[in-house]
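Quick mapping for you: the protein sequence lines, in order, are chains A and B. Residues in the first sequence are numbered from 1 upward in steps of one, following this note's numbering. Residues in the second sequence are numbered from 1 upward in steps of one, following this note's numbering.
In case anyone wonders, no lab produced these hints; they're calculated from the structure. Keep in mind that a hint or two might mislead.
To be verified - Below 27 Å or equal to it, Euclidean Cα-Cα: the simulated DSSO-like pairs (lysine-lysine) are:
1) A/Lys370 / A/Lys422
2) A/Lys53 / B/Lys166
3) B/Lys151 / B/Lys95
4) B/Lys207 / B/Lys17
5) B/Lys17 / A/Lys131
6) B/Lys166 / B/Lys207
Only a predicted model underlies this, so the values are computations on that prediction, with no experimental measurement involved.
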Amino acid sequence: MASKDQKTHEAKLNTLRSGPDPRGHFGMFGGRFVAETLMPLILDLETAYEAAKNDPAFQAELTQLMLHYGGRPSPLYYAERLTEHFRGVAKAAGGTGGAKIYFKRDELNHTGSHKINNCLGQIQLARRMGKTRIIAETGAGQHGVAVATVCARFGLPCEIYMGATDVQRQAPNVARMYMLGAKVNPVTAGAGTLKDAMNEALRDWVTNVHDTYYLIGTAAGPHPYPAMVRDFQSVIGTETREQMLEREGRLPDTLVACIGGGSNAIGLFHPFLDDESVKIYGVEAGGHGLDVENGHAASMNGGRPGVLHGNRTYLLQDAEGQILEGHSISAGLDYPGVGPEHSWLKDTGRVDYVSITDKEALTAFQLSAKLEGIIPALEPSHALGWVTKLAPTLPQDNLLVMNMCGRGDKDVFAVAGYLGIKL
Amino acid sequence: MTNTFETRIDRRFAALKTEGRAALVTFVTAGDPDLETSKKILAGLPKAGADVIELGMPFSDPMADGPAIQASSLRALKAGQKMRDTLAMVREFRKTDPDTPIVLMGYYNPIYVYPVAAFLEDAAAAGVDGLIVVDVPPEADDELCLPARDKGINFIRLATPTTDDKRLPAVLKNTSGFLYYVSITGITGAGAANPDDVQLQVARIKKATTLPVAVGFGVRTPEQARAMAKGADGVVVGSALVRAIEESLTEDGRPTGNTVGSVLNLVEGLSAALRSS
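Bound conformation, chain B alone (with noise of 0.2 Å):
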């Protein structure tokens, strides 16, 4: 399906690919380890080189995320944050920052009782650009991913090695932005797959689509992010991220004057290996 409209994530795409390289794709949640801690990392993201933003809705029942990110989004949770509040740091984060691209992802009840209009109507005016949505697949369209697209959102897929060829044509169908290749089966965070079977598979799914494809889950270092970009157009970390501000915490959860600068650090390494692959 090709877009009637263009989003900040098509034109940075197409500038990296004449750039020549892949994309880094940072998920911090909104909110951890708190609302102003969290703004703050948001805001330092692009100059540390992330160029596409993943930006975490929390929820109570991750079922599709490993222990790094279900503890974030309870990080998040417990400090009181609220999907408004998620939405207001976008808002505020484009006021000084009109082309990095924010994807918001997360799962769909939060969004289903805020209502889905409502969501949509905010986050376009907030400046979000897309959506993951872990839990709504193709077949169910018609609740998010189409409102989504018709108010000018993306809609972001995952594919997964058990998207065969039979199973592909209906995760493209709708998907809009790039496509996110999970490169295990598994939750997010778990082991890191082979580089060489990653290359066939979105080398599979390339011959399928003309989206770029990113990779993620299990990506925690710079190497392995520049073995995964090879052949993608983006590489996903998230876990890696939200597991440096866990650690830069004090005993009690609070942050200290290391939390926003040790994910910062971490960026900006896994940015310089794809600059420099």
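Same shape as in the complex, but just chain A (with noise of 0.2 Å):
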């Protein structure tokens, strides 16, 4: 008995979920590099954020929100025809394979997007710590539009910045949030990209420290916001576990997902990362292709560990630690670095990043318009580009769950335009 006592206590010590430590870090990543104005707050929101996790009030209004006002849970999928299109792909290869696609579908939530398990999350919190106004950073405006969605809901004003690049090629999302009563603030720094945003919303955030809750979409930045992110969207995994063991009695075989700064992606991931039968994929953007210089956006695929808003993690940089615009033809994804619990889980190999460029994304986007009826955003294309490379060489018995995490309404002209046709 002692034995087995001592083996689950390992197993304990081992577990791949229990980060970060107290200081905010998975292994050498993450931290909370920020300027000292904004130190006491970090603190703040970390002690208000435990507190809140902990109490049943907040987790049970959560949920409540999420069922009614989200549309959780999202449906499991089988994706029918792709399954068949792969298999026939495998099969003119010579070859039987052909996994069985599944979609978890997080573009079917309230506002397109896993954006909003987030928002809820944390408009939730920064009603408990008092706060009266509400600023967030956007690059494709799934984030924008959700926060400018909670904030109406909870009638609070928000400010969001997003680069003005972004704001030319995701224009049906800036309309979205302008209707929703956000302030948008286009930010022409630098390339006018994420990062850009995210810079400017710092700015803010230092300025108007007293009575501003910085709402950040991604699973990065600093302590605790990695976490607190990861989370709040580890409701996808959650779910997805469950509705996997409902319909096929056994866990998932392969997990993927896009990454820009990794949000829907850890959300899936966290909760199979024990499960070591789960192989797991994060999938980056790979733009015009990783040979380009500045040419992509795959941070952990073509970058190196870097400190930069708030957390150290893989980062696109030049040799001087100067940090690169990258490149993608999704706005999402279109950042330099990543969630520091991915650089983490890529550097003790739990989980495999690979990357899919521009075209092939393209490629996957009508793939699922034309055999499933779903038009996906450019972000999980990458997941699906992935997906049409790994699917026929694996076997037919093969469960993969690939997160579908955004509906691509706001794709649909830009997607036109790059494939020449007239409407």
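The task is to assemble the complex, starting from two chains supplied on their own in separate frames and drawing on the hints.
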């Protein structure tokens, strides 16, 4: 008995799910690299979040909001025609494979992506902390829309920082934020994309510390944001686990999700990290290709560790430590960093991080639209791009779950442009 | 924490205390608008009246800085400024000026990738006296602050209006050289604080430390400098100086015959104000 207890204890010590440590580190990654003005706030936020996390009333209210306002649980959908398609591809190549493809349908959430999960959690926390003004950064605008939505719902003023380039390529989301009553501030610094928006949001926060809550949209930034955003997004993986057990009587074999900052991915992955039988793939934005300098946004496959926006993580940077802009067809993946937990999962080898180019993502986008009647956002189109490569090589009894983390309404005009379609 | 070593910063503040006036701490970005012009500005600062020189290490994403210093950082990077150029500037300066303290100021990533140990080695050898690295808080002292101290380099921290009495001991713990009081919650170059409020805050901080306290953020004119100097050991001026650089440039961003002079004139005016207060 003693040895069994010992083993259980060791297993707990060996869990991959216990991070971060009290200083916010996942191995060497993470931490709290912020200006002194923000430190007291970050420490307050950590205390407030810990208290909320352990408060059944907070959790109960969040569960109700997720259910009746957010539209959870999202379905786990068997993508039959895609499955058949990949089996056909395998057969044509002389194989017998073709994994069974499931989509976790987080694109069906209110506001059209997984971003609402995190926003409902953080807005509750902001209210609990007595904050009266909300700011946020956004890339594709999915997070901005989700923030504007929860701010409208709870009657809080909000300002969204968005790169000027992104304002142009994601115009439908800018209009949505406007309709919801948010003030959108286009950021012209740098290349006018997500990192510049985050810089500007940090500048606002440091100026308005007394009343402002910074609602970060991804599982990155200073501790406790990476852990907090992960916790709010983990509902994705927790539901997937239950739904798959119900449907197939066992755990999935393969998980696939796209990675910008990585919040949808960590949400799907985290509840499965200790299940060794589950193979996990994170898909970065390969842009024009990893060999094109500054032509991709694959921080882990094409960058190295550095410190930016409050955390140590893999970054796209030059030899001098100056941050590169990166490039992706997807505004939501176009960020030179990545959440610190992903950096750690890469170095420990638990998750395989791969990349998919703009072109491959566009092909996958059309495949999903035509075979499944689901128009995906360009972000999960990258995940599907990897599924396109991977699924035919896997046996037919392999249960693969891809997170369909956002819908493509925002992208249809841009995609039509890329494909040269005259509407 | 008391130093086990004495730097030019300690000696300079001690000397000014005897003189009975506050130090003029000037900030310019290394390599702005280009390396050669920047060297001339640096060389002229002590004679113009700078008592302590903060030299900015340009960074692509200066999150705590306002538009003036952001633009200055980007000008330097566009002109090709590298960290080794910044260190070489200090080395060259030291050949003719053995006394004026130089503090390198910036963000962590360019130091982190240098990497840290080699950076501290090269900085100490070049004659750097202190570091201000905005995004490395006391919670991460083992990253850079303590290794710098081991090399005889002061690690200067920022205290802000959000640094309450509960937080202050953590900020002071491993700080040496001086404490930089950020007079506003905000970014560099923003609006100025009320000098009376600042005086109260500085008095509060000085109860907790024997370190000199320099006040900065939003100080632009000689009058403001004189007002902020009351009760403080130094006044920091940055955005106003880099804006003077910016205003002197040609439309395509090249330096003119006025570039060096306009910065140094401004420094002379600020210095005169502090000497007459």
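We went through each hint and held it up to the structure:
{"no.": "1", "hint": "A/Lys370 / A/Lys422", "result": "holds, 18 Å"}
{"no.": "2", "hint": "A/Lys53 / B/Lys166", "result": "holds, 25 Å"}
{"no.": "3", "hint": "B/Lys151 / B/Lys95", "result": "holds, 20 Å"}
{"no.": "4", "hint": "B/Lys207 / B/Lys17", "result": "holds, 17 Å"}
{"no.": "5", "hint": "B/Lys17 / A/Lys131", "result": "violated, 43 Å"}
{"no.": "6", "hint": "B/Lys166 / B/Lys207", "result": "holds, 14 Å"}
Checked against the numbered hints above, the structure breaks only hint 5 and satisfies the rest.
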